[in-house]
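S.K.: Based on these hints, arrange chain B on the given structure of chain A.
Protein chains: 2
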Amino acid sequence: MAANRARIAVDAMGGDHAPDEIVAGAIRASEELDVKILLVGDRQQIEASLQHHTQAPNLEIVDADGAIAMHEGITELRRKPKASINVAMDLVKQNRADAVVSAGHSGAAMGAATLRLGRLKGIDRPAIGAVFPTLLAGKSVIILDVGANVDCRPKYLEQFALMGTIYSKYVMGVDAPKVGLLNIGEESNKGNDLALQTYQLLEANKTIPFIGNAEGRDVLSGRFDVIVCDGFAGNVLLKFAEAVGEILLQIIREELPQGWRGLLGTAILKPNLKKLKQRVDHAEHGGALLFGVAGVCIISHGSSQAPSIFNAVRLAKEAIDNQVLDRIQAYGEAIQPDNVNPSVMINE
Amino acid sequence: MAANRARIAVDAMGGDHAPDEIVAGAIRASEELDVKILLVGDRQQIEASLQHHTQAPNLEIVDADGAIAMHEGITELRRKPKASINVAMDLVKQNRADAVVSAGHSGAAMGAATLRLGRLKGIDRPAIGAVFPTLLAGKSVIILDVGANVDCRPKYLEQFALMGTIYSKYVMGVDAPKVGLLNIGEESNKGNDLALQTYQLLEANKTIPFIGNAEGRDVLSGRFDVIVCDGFAGNVLLKFAEAVGEILLQIIREELPQGWRGLLGTAILKPNLKKLKQRVDHAEHGGALLFGVAGVCIISHGSSQAPSIFNAVRLAKEAIDNQVLDRIQAYGEAIQPDNVNPSVMINE
Numbered sequence: 000m001a002a003n004r005a006r007i008a009v010d011a012m013g014g015d016h017a018p019d020e021i022v023a024g025a026i027r028a029s030e031e032l033d034v035k036i037l038l039v040g041d042r043q044q045i046e047a048s049l050q051h052h053t054q055a056p057n058l059e060i061v062d063a064d065g066a067i068a069m070h071e072g073i074t075e076l077r078r079k080p081k082a083s084i085n086v087a088m089d090l091v092k093q094n095r096a097d098a099v100v101s102a103g104h105s106g107a108a109m110g111a112a113t114l115r116l117g118r119l120k121g122i123d124r125p126a127i128g129a130v131f132p133t134l135l136a137g138k139s140v141i142i143l144d145v146g147a148n149v150d151c152r153p154k155y156l157e158q159f160a161l162m163g164t165i166y167s168k169y170v171m172g173v174d175a176p177k178v179g180l181l182n183i184g185e186e187s188n189k190g191n192d193l194a195l196q197t198y199q200l201l202e203a204n205k206t207i208p209f210i211g212n213a214e215g216r217d218v219l220s221g222r223f224d225v226i227v228c229d230g231f232a233g234n235v236l237l238k239f240a241e242a243v244g245e246i247l248l249q250i251i252r253e254e255l256p257q258g259w260r261g262l263l264g265t266a267i268l269k270p271n272l273k274k275l276k277q278r279v280d281h282a283e284h285g286g287a288l289l290f291g292v293a294g295v296c297i298i299s300h301g302s303s304q305a306p307s308i309f310n311a312v313r314l315a316k317e318a319i320d321n322q323v324l325d326r327i328q329a330y331g332e333a334i335q336p337d338n339v340n341p342s343v344m345i346n347e
Numbered sequence: 000m001a002a003n004r005a006r007i008a009v010d011a012m013g014g015d016h017a018p019d020e021i022v023a024g025a026i027r028a029s030e031e032l033d034v035k036i037l038l039v040g041d042r043q044q045i046e047a048s049l050q051h052h053t054q055a056p057n058l059e060i061v062d063a064d065g066a067i068a069m070h071e072g073i074t075e076l077r078r079k080p081k082a083s084i085n086v087a088m089d090l091v092k093q094n095r096a097d098a099v100v101s102a103g104h105s106g107a108a109m110g111a112a113t114l115r116l117g118r119l120k121g122i123d124r125p126a127i128g129a130v131f132p133t134l135l136a137g138k139s140v141i142i143l144d145v146g147a148n149v150d151c152r153p154k155y156l157e158q159f160a161l162m163g164t165i166y167s168k169y170v171m172g173v174d175a176p177k178v179g180l181l182n183i184g185e186e187s188n189k190g191n192d193l194a195l196q197t198y199q200l201l202e203a204n205k206t207i208p209f210i211g212n213a214e215g216r217d218v219l220s221g222r223f224d225v226i227v228c229d230g231f232a233g234n235v236l237l238k239f240a241e242a243v244g245e246i247l248l249q250i251i252r253e254e255l256p257q258g259w260r261g262l263l264g265t266a267i268l269k270p271n272l273k274k275l276k277q278r279v280d281h282a283e284h285g286g287a288l289l290f291g292v293a294g295v296c297i298i299s300h301g302s303s304q305a306p307s308i309f310n311a312v313r314l315a316k317e318a319i320d321n322q323v324l325d326r327i328q329a330y331g332e333a334i335q336p337d338n339v340n341p342s343v344m345i346n347e
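First to last, the protein sequences are chains A and B.
So the first sequence is residues 0 to 347, counted in numbering that gives the first Met the number 0.
So the second sequence is residues 0 to 347, counted in numbering that gives the first Met the number 0.
The following block holds chain A by itself, in its conformation from the complex (with noise of 0.2 Å):
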């Protein structure tokens, strides 16, 4: 197995924990899935957040020159061409690494792999996708894009839909996705001109398995394996359902019943308050993907902690062992002016 090893670059500056936690998340991945991983960024720095750990034989330090703060422009990327997301991005474009796990300035790891690894052919814009947990225990949602771009086209939208599709039946697993257009009605007729004239594009498309349109309390339902929407509606969404969990611990807390019977409640409860906290937190769920681009990227939270870390790898590991990029990358190919039958790529 080792010569098919995912090799992950870990860009270990990134994020509001880094290097200490980005470090040991990586090194419970290195030791617990069957990954390489490069640890990209600071070699000081680096050396000194493993010196907590047992050295873990799957990992190698790459060295990076400083890394673009959070509060820097998308300009400091060509500025510093030595940044750990720089690095970790040009790792992948020397095939010396699969994927990209990052938990730093988010822009700046969506501007480093279009401008290192370029786009993929027949797809005009990268989106992220966020998978989201529904209301059927074991069931996710893909939604993209979630940030990306904020104003799209339809054919982009439609783009969405693709890579989604590709995403949920080779990574996720599911034999027959269901794709939806995020909107505000049933009918076909309801939504703003980008949702109308999607819809066109998403139902003439038979290489799109396009059930409908999907409405805000359609998103968590499990009707729905993959919901497409433009980065601005899917950004909002994303940060809504990342505080309403929060929010939700916080008002069953203060809820809970006082006294006696408060202090007993919530000491059986404690334990299910940790698991309904999984369910709902969308960190648990290690990070968005970056889809269109000529590598596989998984953009984490900045507030990531080693077990989302450890996760994002995870989910690199499984889009590098399913082949996400170059099923895009065929379907790409087979659009292309020349072919006519892309439906083969997508459901061979």
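Just so you know, these hints were derived from the structure itself, not from any lab.
The model shown is predicted, which means the values in this text are computed figures rather than measured ones.
Selected chain A positions facing chain B (in silico; Cβ < 7 Å):
id, residue
1, N191
2, E214
3, F231
4, A232
5, V235
We put the CB at the ideal spot given by N, CA and C, even for glycine.
M.R.: Structure of chain B alone, referenced to chain A:
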């Protein structure tokens, strides 16, 4: 007080539980609030519903013929001039009522209001405002638009901000309302074209107490009293939030401990689950307000039962008692070309 008593026209034929639940809620309102209720609809059906109750003195039936069904288009409004929602709006037009409450077809209610009552001066598009609970107990936020206008221009959002500010100040009793623009980042250079342009307008308008962008995570935080957005994003958020309450209660039930510990935990928690539901359940808030038309209109959820209708009448009464219409109208007149200082109107 009788002379000033608010007169509320209630569409008795609108909603999944019409007319029984509508009538029951209206009767309770006529008994407990200082209002006069005009029940609009089929006299025979309304009288049948009334038989379950002691006749309330502040209640009158106004005949109407038919209703706009949920599956019908709003073009039916013109084909059915005597439909209950049309007759209810006419009562306001004829100054026989001060407000309309309807749990029927929301598009029809909006259409009837616009066609029969017209828009207020200075308002280009009516907007639907929904009040959400926040993380801060006792503090709410009004979000508009949540569905009337799926494609918006920046100046519409500017007008929404003004109407929301007036509502927050005079009905919700917030001394110094804080207005936010729904967006995907805190910085002024974030967002789609609409958000970028609206930010400039809101910042330049000294009448609007604009404090910046509200991300998805800020919506329920209590940091904002008024949040403006286009009706597409707002509607997605509204329906998502409505569903989340229900979903969370279900997850809590599923994650409760099993066995004797579970029974005990559930028994202790049961009364609190109800309180929790009240806090997260949007239906408890009675309905949404239609802003910008020349009449007070409350649009209740189609699934409304008696308590929602009661709350909707209370909402209508508060809007009337606090002269929301006059205040918006005064602002609208102030911004006509001949007038130069609108700020006096809102800060009077």
